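Peer 1: Model the full assembly from the supplied sequences, consistent with the hints where possible.
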Amino acid sequence: MAIALASAWGALLLVTSGCSPQHGSPEFRVNLQDILQESQKATDDFRVTGREEDDDAKAEKKANREKLDFVATALVAAFGTPDDPYLFAEVGLPSDDPKWRSLEPEDRKKRLDLKKIELAAGSPGGDREGKQRGLFRQHCAHCHGVTGDGAGPTAAFLNPYPRDYRQGVFKFKSTERNAKPTTADLKRTLVEGIPGTAMPSFMLLPNDEIEALVEYVKYLSIRGQFERDLAIGLLAQDEDIPKTGAELLETYLTPIVERWAESEAKVVRPPEPPPSDTPEDHLASVQKGRELFFGKQAGCLKCHGPMALGDANDGAAEKDRLFDDWNKNKNAENISLWLLPKLELKPRNLRLGIYRGGRRPIDIYRRIHAGIPGGPMPAGGTEQGGQKGPLEPDQIWHIVNYVRSLPYEPISRPHAERATALLKERN
Amino acid sequence: MGKFWSILFLLVPILGVGLFVWAPGAGFWLPRDISTHGHQIDHLFYFVLWLTGVVFAATEVILFWFLWKYDANSNREPVKYTHGSHNLEVIWTILPAATLLFIAIYQMNAWADVKMRIPKGLEKKPTVEVTARQFEWRLRYPGPDGVLGTPDDIHHVNDLHVPLDEEVMVQLKSMDVLHDFFLPHLRIKQDAVPGMQIPVWFRATEPGTYDLVCAELCGWGHYKMKGRLTVEPRAKFDQWLRELASAQEATQEAAPDEPEE
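Protein chains in written order, with this note's numbering: chain G, 1 to 427; chain R, 428 to 688.
Derived from the structure by calculation, the hints contain no laboratory data. The structure displayed is predicted, hence computed values, not measured ones. Using N, Cα and C, we set each Cβ at its ideal position, and we do this for glycine too. It is possible that part of the hints are untrue.
A short list of chain R residues far from chain G (calculated; beta carbon distances all over 10 Å) [said to hold, decoys possible]: (1) F474; (2) K542; (3) P578; (4) T678.
Restricting the straight-line Cα-Cα distance to at most 35 Å, the calculated cross-link-like pairs of lysine-lysine (DSBU-like) are [what the hints assert, rightly or not]: (5) G:K302 - G:K187; (6) R:K653 - G:K171; (7) R:K651 - G:K187.
What follows is a set of in silico ranges between Cβ atoms, one per label pair, in the way DEER data are often shown [claimed, not checked]: (8) R:Y650 - G:K109: 33 to 41 Å; (9) G:E392 - R:K547: 52 to 60 Å; (10) R:T678 - G:P105: 24 to 32 Å.
Peer 2: Structure representation (structure tokens):
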């Protein structure tokens with residue numbers, strides 16, 4: 001461990017001493033907007049202007065500048081470049097490395113596979129060994145950006161915007177609200193796409209390429225969150241620059257890596273749904289779900305609307321309109337900091353039969369149980385060892401059944417009553 | 428030097444025809460036809476290819492002959508100008524016009540067979556609904572009730588399966604812009620138009636997996652819009668549908684695999 005850290009710190013110093021990335025190849029950009037937003041600083045706080053300034057102000061600016069430079073250097077040292085990804089041995093190793101093979105299975109699970117990441121990194125079209133590389137830039141970067149900031153060249157045309165991996169927040173996953181997605185969740189998103197958004201399905205890519213892309217998304221997400229945490233720590237909370245590689249790793253990187261590693265343990269595993277094998281049972285469940293949907297306890301209609309058309313906030317005053325967390329803070333004064341304009345969030349129209357996170361009952365259960373992180377959809381279920389939610393598992397299952405029946409329920413004549421009446425006529 | 432240029436022009440028909448003689452053997456030709464109606468379309472293709480091929484070769488050879496015969500080095504006579512020949516002009520206007528008219532009439536039956544004469548009752552029995560979207564093919568199969576738009580519909584994406592040796596009815600839609608549903612091995616190519624539901628039908632005669640591509644430039648991600656067609660016997664197809672349907676009803680998910688070793 002100590003040796004690995006020493007060598008990692010050596011790498012950091014090596015990069016600091018100045019080897020610039022190859023000319024013309026894309027770079028991960030350090031993202032100023034978050035830093036400025038979180039630290040309440042302006043760009044002028046980082047550069048010496050022509051105006052007269054006292055020595056204190058100059059020293060402050062110099063310190064700011066040094067910290068910003070440290071962030072940029074630490075990022076290259078800890079993650080390499082888009083053409084040449086790198087990871088500390090504590091974060092990831094190539095799976096064909098002897099060190100990887102000597103690890104215990106649990107320790108392997110905690111680490112990224114650098115071999116997969118290399119397959120996805122680089123420029124498209126294959127490297128000297130003829131191995132396919134550059135998968136991320138070929139398939140993903142035009143929307144999600146080289147850094148994974150969700151602001152690639154085509155992003156501005158899309159609604160919703162592509163996911164910004166750097167926030168470390170993923171909406172459609174199987175885990176509790178505040179947990180990271182599992183590998184299987186990201187893989188499912190790639191394979192199935194996200195209907196109702198611009199994310200297409202990559203089902204027909206070979207499995208190893210999909211797995212490489214999933215690993216690369218995790219890599220970019222960890223890198224991006226590390227960048228945010230480090231910049232906010234140093235510049236907004238005025239922490240000192242870490243003295244050693246070990247300190248940097250422990251304070252800023254390990255907590256993120258550990259949260260990714262624990263995601264498997266945070267998967268929402270619902271109890272079996274209440275039996276609804278007969279049409280009568282099913283209809284009773286749908287009816288209960290309907291009452292819950294429009295009732296106070298679940299409060300679905302507050303956003304999804306009295307017709308479940310997702311239109312409750314149409315034309316609402318600015319303060320009542322809904323936004324994703326990353327759009328919420330944009331306002332007239334600071335809008336120039338962001339690459340993408342402010343975008344309102346539309347609650348799902350549940351009558352379309354399009355489900356972004358999947359249409360299986362278990363998917364919808366997880367949406368209701370854990371909510372949708374990053375947006376206003378709250379967690380309805382009780383988190384494992386955490387906060388008590390307003391809904392019991394059976395109640396969630398009733399709502400699932402009702403939501404699944406909504407695309408087939410005529411707006412003017414509620415489905416459940418009509419179907420019950422039909423059944424009675426038949427008997 | 429003068430005759431060198433005429434030889435160069437002679438190379439055009441020779442290489443042009445040579446390319447077409449070489450291509451089929453080298454694998455650069457039409458994909459194998461696995462449909463029942465495809466031979467009609469292939470026949471029209473070959474008919475037009477031969478017609479234009481013969482005219483092309485003849486025109487090029489005549490061009491060569493003029494270049495060769497009236498080479499400046501071996502012709503010392505002054506140039507003679509004419510005001511053209513009325514008769515010739517009439518002939519070379521009427522001949523192509525008549526040929527085009529012939530082709531227009533000759534292909535009508537094939538067009539009607541492929542695009543208009545839906546086998547009886549088939550339109551009411553869709554095998555699958557294909558909705559093109561930037562940039563994927565969303566698929567919806569009717570469940571056991573055989574009707575689309577009911578709760579037992581089976582949803583899938585990009586991976587189109589159809590039964591072997593049966594009339595397959597595809598209801599083609601588009602969610603956003605123009606796309607084109609292209610099954611090269613089945614000689615099927617049909618635009619998907621937003622706001623329209625277009626019936627496309629075919630009968631596949633050989634099991635296997637084939638290409639499904641978008642043949643209408645639909646945006647920057649057009650190249651991504653690649654699907655896969657799998658033709659399989661009815662029993663296997665039904666089994667596949669049942670598996671999809673039960674996966675779609677999942678209320679539980681298996682725990683992830685135990686760590687290896």
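Peer 1: It remains to establish, for every hint, whether it holds in the given structure.
Peer 2: Each hint tested on the structure:
no., hint, verdict
1, F474, "36 Å, holds"
2, K542, "28 Å, holds"
3, P578, "6 Å, violated"
4, T678, "5 Å, violated"
5, G:K302 - G:K187, "32 Å, holds"
6, R:K653 - G:K171, "27 Å, holds"
7, R:K651 - G:K187, "18 Å, holds"
8, R:Y650 - G:K109: 33 to 41 Å, "36 Å, holds"
9, G:E392 - R:K547: 52 to 60 Å, "54 Å, holds"
10, R:T678 - G:P105: 24 to 32 Å, "30 Å, holds"
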